[in-house]
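Sequences are here, hints too, so could you generate the full structure?
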Amino acid sequence: MSTPPESRGRSTLPDTRRGSALLAQLAGARANPGPAAVATVTGLINGATMVAGASAIGWSTDHLVVPALAGDAVPASIWWTSAGLVLGISAARWSTIFVRGLSTGRVQYRAQAETRRAVIRRYLSLDPAWHRRHSPGRLLAHAISDVDALWSPMQFAYFAVGMVFMLLLALTELFFRAPVLGLVGLVLVLLVLALNITYQRLLAPRARDTQAARGVVGGVALESIEGGPVVRSLGLTDAEDARFAPGVQRLRAADLRMASISSIFDPLLELLPTAAVLVVLAVAAPRVQQGSLSVGDLVGVVYLLITVAIPLNVISRFLSMLPMSGAGRERVQAVLDSDEVLRHGSRHLEQPSPLRVDLRSTGVTRRHRQILRDADLTLEPGTVTVVVGAVGSGKTTLLDVAGGQIHPTTGTVAFDGVDVRELTAGVVPDAVAVVSQSPFLFAESLRDNLALDRSLPDADLWEALRAAAADDIVRELPDGLDTVVGERGATLSGGQRQRICLARALVRKPRLLVLDDATSALDSRVEQQVLASLADLVADGGPTVLISTNRPGAVAIADRVVLVRAGRIVATGTPSSLLDVEEYRRIVTAYRPADRDEEAAGDARTHVS
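So the sequence shown is numbered by full-length UniProt numbering: it starts at 1 and just counts up by one.
Note that these hints are calculated values from the structure, not bench results.
If you're wondering where the values come from, they're calculated on a predicted model, not measured in any experiment.
Ideal Cβ positions, reconstructed from N, Cα and C, are used throughout, including at glycine.
A hint or two may mislead.
[Stated by the list, open to error] Have a look at the derived ranges for each label pair, beta carbon to beta carbon: (1) V581 - L537: 25 to 31 Å; (2) P136 - G573: 37 to 43 Å; (3) A83 - Q249: 56 to 62 Å; (4) L537 - R243: 46 to 52 Å; (5) A91 - S260: 40 to 46 Å; (6) A73 - A282: 45 to 51 Å; (7) S576 - Q529: 36 to 42 Å; (8) L140 - V581: 42 to 48 Å; (9) T409 - S262: 47 to 53 Å; (10) L537 - L236: 42 to 48 Å; (11) S576 - L537: 55 to 61 Å; (12) P136 - S95: 45 to 51 Å.
[Said to hold, decoys possible] Within a straight-line C-alpha distance of at most 25 Å, the following computed SDA-like cross-link-like pairs (lysine to any residue) qualify: (13) K509 - G480; (14) K509 - H348; (15) K509 - Q405.
Below is the structure:
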């Protein structure tokens with residue numbers, strides 16, 4: 001069996017369990033070499049211009065300012081040279097800032113986009129059992145806030161590279177002017193580094209707590225938004241607010257713990273360069289009086305040390321973001337590293353229609369609980385099979401397994417004699433269409449919702465709509481197929497959405513159609529119309545159909561009925577042959593008045609015969 005394609009090339013991230021947030025930033029640079037190279041070069045040039053600017057200020061002080069203050073005549077060439085040096089270096093500095101900012105943005109936002117795509121691709125490939133253990137709010141937090149946190153240091157990364165280069169040049173310049181001044185600068189840098197190391201160690205656990213708290217708040221917020229109508233209709237606004245408040249308070253406390261660390265270290269980082277300037281003035285002033293150091297040299301050194309505050313601040317900001325980046329990286333990597341994916345093989349199916357499905361001793365276990373066991377079932381090509389059973393009996397799980405949506409824990413499921421585990425990726429979606437009892441439409445036009453990733457003629461769309469008894473719905477909408485549905489468009493009822501979703505499944509011309517209580521929101525008249533169209537479609541060589549429902553209308557068109565109880569198939573047969581089974585009879589007649597049970601049974605026998 002080949003390696004699933006979802007496990008290859010998942011993202012630009014390295015194996016960050018053994019790496020670091022810094023390695024993640026380097027991985028983003030490797031994935032975008034062009035912009036990263038431009039950002040690096042412009043960052044280095046920018047750092048060099050800051051040192052060059054200090055030298056220009058010192059030269060201008062000695063050759064222009066001091067003579068002018070002394071009343072000496074200053075040649076025009078000195079004026080022009082000083083102006084040219086200062087303005088030229090400033091222009092070069094600001095142009096590199098502009099180019100570096102654009103290039104940095106390309107690296108950062110491309111890396112964010114690729115990581116988000118990798119996370120979403122992983123979500124789509126992960127087993128449904130994995131999704132059942134993770135709330136939608138948590139998944140949303142991984143894809144948005146955690147990815148943002150992961151790549152947030154990138155905005156200062158190339159600035160920091162240039163500033164490190166600038167510090168090296170500045171220290172060299174200080175040592176060249178006077179060793180004692182170089183020592184002052186070196187001590188300043190070492191103190192800043194020591195503060196940053198301490199800062200990161202204290203901040204890292206607090207950053208992880210903050211990201212975790214954000215995920216919890218996001219999850220509760222999503223539930224509150226999705227369940228808004230329920231909350232308001234039941235008058236639970238205060239109760240929901242009380243449920244939301246603890247998570248917000250935990251996030252507030254986590255943010256305050258981070259802020260308390262920053263409130264101590266940020267002033268110290270701002271104070272150190274100023275203290276270094278005072279030390280330099282105390283050390284260098286006597287040398288200026290002795291003539292061993294010029295006024296321009298002193299001004300240049302002071303300017304350089306004041307300028308050093310910028311790179312130290314940038315480097316500090318970059319390093320302070322690494323703990324939060326590390327927390328986001330761990331949460332994102334937990335998704336990318338998950339191996340709970342539907343495994344695929346390399347085999348294909350031939351394309352006769354409809355599909356034959358065989359379940360042999362099939363079982364499904366979740367959280368050490370067996371919810372489907374020893375299921376033996378064959379769906380003959382071109383037949384309609386209806387699964388009935390009490391709520392929680394395992395009907396949906398049986399449909400998921402038979403439709404290839406999940407793989408069984410035990411036993412096998414075969415499509416046309418081929419184990420679904422051996423089928424290559426894409427075979428099952430091409431052959432199977434599933435319509436659930438909770439219909440979902442994208443906030444796009446009906447045309448896009450029906451065609452999805454395919455380019456289909458309108459005639460095919462209308463044909464599918466007619467088969468699903470949904471063509472009248474679309475004709476009555478203001479823009480027909482171009483009508484946008486969802487929160488920002490037309491609002492459809494539950495039954496209308498079910499019919500649109502059924503049409504979306506039919507337009508793909510599947511070989512196996514799985515309907516999980518997909519007519520539950522339809523009234524009896526419309527349901528009969530839909531089921532009649534479905535029966536005609538099957539009779540004309542359409543798909544094999546598997547339906548989960550307890551409604552008698554669907555049972556009436558079935559070639560075979562399967563009764564499920566407590567995760568087991570307890571009876572199979574034709575609708576008429578199962579009428580002697582009390583449990584089955586009770587289920588399919590539950591929608592009719594009790595005094596008409598016998599009439600309903602007689603109608604069913606007459607219809608089948």
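To see whether the hints hold, each was checked on the structure:
The hint said 25 to 31 Å for the Cβ distance between V581 and L537, and at roughly 29 Å that hint holds. P136 and G573 have their C-beta atoms about 40 Å apart, which keeps the hinted 37 to 43 Å range intact. For A83 and Q249, the Cβ-Cβ distance of about 58 Å falls inside the hinted range of 56 to 62 Å, so the restraint holds. Remark: the range hint 46 to 52 Å for L537 to R243 is upheld by a beta-carbon distance near 47 Å.
A C-beta distance of roughly 42 Å is found between A91 and S260, which places it inside the suggested range of 40 to 46 Å. The beta-carbon spacing between A73 and A282, approximately 34 Å, falls outside the hinted interval of 45 to 51 Å. Taking 36 to 42 Å as the suggested C-beta distance range, the pair S576 and Q529 does not conform, at roughly 24 Å. Checked against the hint of 42 to 48 Å, the pair L140 and V581 passes, with Cβ atoms roughly 46 Å apart.
A C-beta distance of roughly 50 Å is found between T409 and S262, which places it inside the suggested range of 47 to 53 Å. In this structure the supplied range 42 to 48 Å holds for L537 paired with L236, their Cβ-Cβ distance being about 44 Å. Restraint check, S576 to L537: a C-beta distance of roughly 23 Å breaks the suggested window 55 to 61 Å. Distance hint for P136 and S95: a CB-CB separation of about 46 Å, consistent with the stated range 45 to 51 Å.
With a C-alpha separation of about 22 Å, the suggested pair K509 and G480 falls inside the 25 Å cut-off, and the hint holds. For the given pair, K509 sits about 18 Å from H348 by alpha-carbon distance, which is consistent with the 25 Å threshold. Distance check on the hinted pair: K509 and Q405 sit about 18 Å apart at the alpha-carbon level, within 25 Å; holds.
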